[in-house]
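Chains as they are written, first to last, in the working numbering: chain A, -9 to 327; chain B, -9 to 327.
To be clear, the hints were calculated from the coordinates, so they are not data collected in a lab. Treat each hint with caution, since some may be false.
It does not matter which identical chain is used: a pair holds within one copy or between any two.
Straight-line Cα separation of at most 30 Å, DSS-like style, residue types lysine-lysine; simulated pairs [to be verified]: (1) K66 <-> K(-4); (2) K62 <-> K(-4); (3) K311 <-> K292; (4) K311 <-> K46; (5) K(-4) <-> K20; (6) K62 <-> K292; (7) K46 <-> K292; (8) K(-5) <-> K32; (9) K32 <-> K20.
Number of protein chains: 2
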Amino acid sequence: MTAPKKVGVQTVAFTSPPVILSTAAIVGAKEGQGPLAQTVDKVVADPYYGEDNWEKAERRMLQESLEKALSKANVKPQDVDYLLAGDLLNQIVSANFAARSLAIPFIGLYGACSTIYQGLAVGAMLIDGGFARYVLIGSSSHYSTAERQYRFPTEQGAQRPLTAQWTVTGAGAILLAAAGVGPRVTHATVGRVIDLGSADPYNMGAAMAPAAANTITSHLSDTGRRVDYYDLFLTGDLGFYGAELLEKLMREYGHDISGRHNDCGLLIFDRERQDVHAGGSGCGCPAVVTSGWLMQQFRERKLNRVLGIGTGALLSPVTTKQGETIPAIGHAVALEA
Amino acid sequence: MTAPKKVGVQTVAFTSPPVILSTAAIVGAKEGQGPLAQTVDKVVADPYYGEDNWEKAERRMLQESLEKALSKANVKPQDVDYLLAGDLLNQIVSANFAARSLAIPFIGLYGACSTIYQGLAVGAMLIDGGFARYVLIGSSSHYSTAERQYRFPTEQGAQRPLTAQWTVTGAGAILLAAAGVGPRVTHATVGRVIDLGSADPYNMGAAMAPAAANTITSHLSDTGRRVDYYDLFLTGDLGFYGAELLEKLMREYGHDISGRHNDCGLLIFDRERQDVHAGGSGCGCPAVVTSGWLMQQFRERKLNRVLGIGTGALLSPVTTKQGETIPAIGHAVALEA
C-alpha cells in the first residue's frame, strides 16, 4: 500500500500543482560581472552591504530577496502561511534572522546547497496538501562567510586545487502559491543520502554527482518519463568535474542527459574569465540561478519542462577532520510551464 | 481566502490525524540516573558508546533510536516515505550520517531544540496531505559534543551561572503513520521567530519562553480551545527559569497554564540531586521525554490530550559574539488519545 500521491518508489505527483508566482535574486559583485548579471534583481558591489560584518550582509541579502519576491506578487508577509529557508552558516542563522524580521511561521531547513530545491519540494507538498495558500522559500550564501566558517582566513590567500568551487555570494527567493500564473511544480523526488566514499572536501562535485544521478534515475523510473521529456536537467552546484561525472554515471544507468544537462555552478560564472576553478557553489548558487535565469527562460518560453536537482554535500569540517567520507543528497522537482 | 486545512491564523487541523505508531529513546549515563530512566529503551553508560569520538557516539544513538522505533512497529526502512531529522551539531551531521545508513528519502530540519516537534508538525502534514504512509522523525544531542561546539573544552571546568541548563545526551525517534493504534497528531501550530531582546546564551529559557507563549496563545485562539481542554502543556527545554517565565507570560495573555504545565528539561533530571542548574536542554531533551515518558503516560491513560511545544533558540556562537540578541521559536502539536 502506498500514499495516494506517490508515484513509483520515491516521487510524488501533485494533484493541483503549485505555481511559482514570483521570484527574486540578489547577488554580489563577482556574480554581477558574470554571464547572468542581467537575470537578477540587484547586484550588490560592497561585500559588507553596508553592514559591519559579512554575516549580516548575507542575511540582509536573504531578507531583501524574500521581501522582493513578495512585493513583486503584491503578497504581504501576513498572507504567507510558511517560510521555508536555510543556509550554510552554522545554525542556519541567515534564515533564522530573516525569519525574525518577516514574522512568518518558519520551518528551518538544512540540505546544504540543495536547500532551495528541498524547500520547493516541501513547500509544494504543504500547498497541495491543503495546509497553505502561499509558501515563501529562500536560501543564501556568501563567499566570505563560507570561507571564514569552512576553510581558511581569506587574508591568508591559501591556494586551492582546480577541483575546488567558488561559493556564490547571493540570495534567491521563490513564492509558491496554490493558484496563479507561472511555472508549476508538478512532481517532487526527495533524495536519499548517497556516499560512494569520496572524502575530498575540495572536490564536492565528485561527492555530489552520485546523489544527483540516484535521484534523477529514481525520478525517471517513478514517472515513466524519458530523458527527452525534459528540455533541461538543471543541477545545483556540481561544477565542471561533478557535471562531467554525473553525465558519465547517467550513461552507465542507461540515460544520456549530456545534451540536456546544465549546472547552476557552470552558468553563473565565466570559468575562462573569472578564475573560479571548477565553477560556482553554495546555497546561493542554485537559489539565484533558479530565481533569476531559469524563470527568465520560462517567461521567454525558451524552456517549458525542467527537472531541477538541488545538490548538497552533507559533511562538516569536524567530520572531515575525523576521517569521514562525504554524504551527499539530491532533491528534484519537475517545473513545467 | 485560506488554505482548506487551516484553522485561525497559524494552525492546521488534520483531516485524518496521523498516528504515533511507535517511539524509541536512548539516553546517556546521567539521564539514566534521573527520574525518567524507566521510560527509555536503553541507557548507554559510556559517553563514547564504543566509538572513537563523541560525535560518532551521538550519531550512533540517533541511528539506533530510529532503527528501534521501526523494529517496534515491524516496519522496514524501505517502507518509510520520509525521514525527518536534525540536531544541534554544525551541518546537522548526526542526522545526515544516520540518514546515510537508513537510506530513506531524507528531509533535513533545523529548529534547534524544537526539531522533534518541528518534525512532528511537518511529518503529520506530509501524511495527512497524501504524500506518505510512514514518516520517521528523530533528533539527538550529546552533552560533550554540544559543549565542544558551543562552549568551552570540558577539561577546562568553566563555571556556569545557575540559569544555564545541561545538554541532554540522548536520542529520540517517532514513527508517524497514516493508520494504526496510538496517540494522534490532531493539530499543528508552526511558530514564528520571536526575539524580545534577550542576549544571554546562559539563560536560553528566558529567550525561548516568549516564543512558546506566542505559539500556545496562537494555538488556543486558532482552535477556540480553553486551557482546560488539555491535560498537559509540555514544553521542550525551557528549564526552571524559562518555565516560570512562560507561566507568567501566559497569565498576562489571559491564560493560566500553571497547574497544567511541565517541561521536558525539568522532568528528565532531578535538579535537587543531579547538579544540572536550571534543568535539561538540547534536541535530545524533548525527543527522549516525548518518545519515552510522554508515550508511557498515554499508554497508561494518565494523559489523553497534550499540547507539546518544542522550543528552540536560533542563535549561533558567532551571532552572540557579533552582539546579536537571541531569536527563538516554538512549534506546537496537539497529541490526543
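Results of checking the hints against the structure:
no.	hint	in the structure
1	K66 <-> K(-4)	between (33 Å within a copy, 18 Å between copies)
2	K62 <-> K(-4)	between (33 Å within a copy, 25 Å between copies)
3	K311 <-> K292	neither (45 Å within a copy, 48 Å between copies)
4	K311 <-> K46	both (28 Å within a copy, 13 Å between copies)
5	K(-4) <-> K20	neither (42 Å within a copy, 43 Å between copies)
6	K62 <-> K292	within (22 Å within a copy, 52 Å between copies)
7	K46 <-> K292	neither (37 Å within a copy, 48 Å between copies)
8	K(-5) <-> K32	neither (38 Å within a copy, 37 Å between copies)
9	K32 <-> K20	within (13 Å within a copy, 53 Å between copies)
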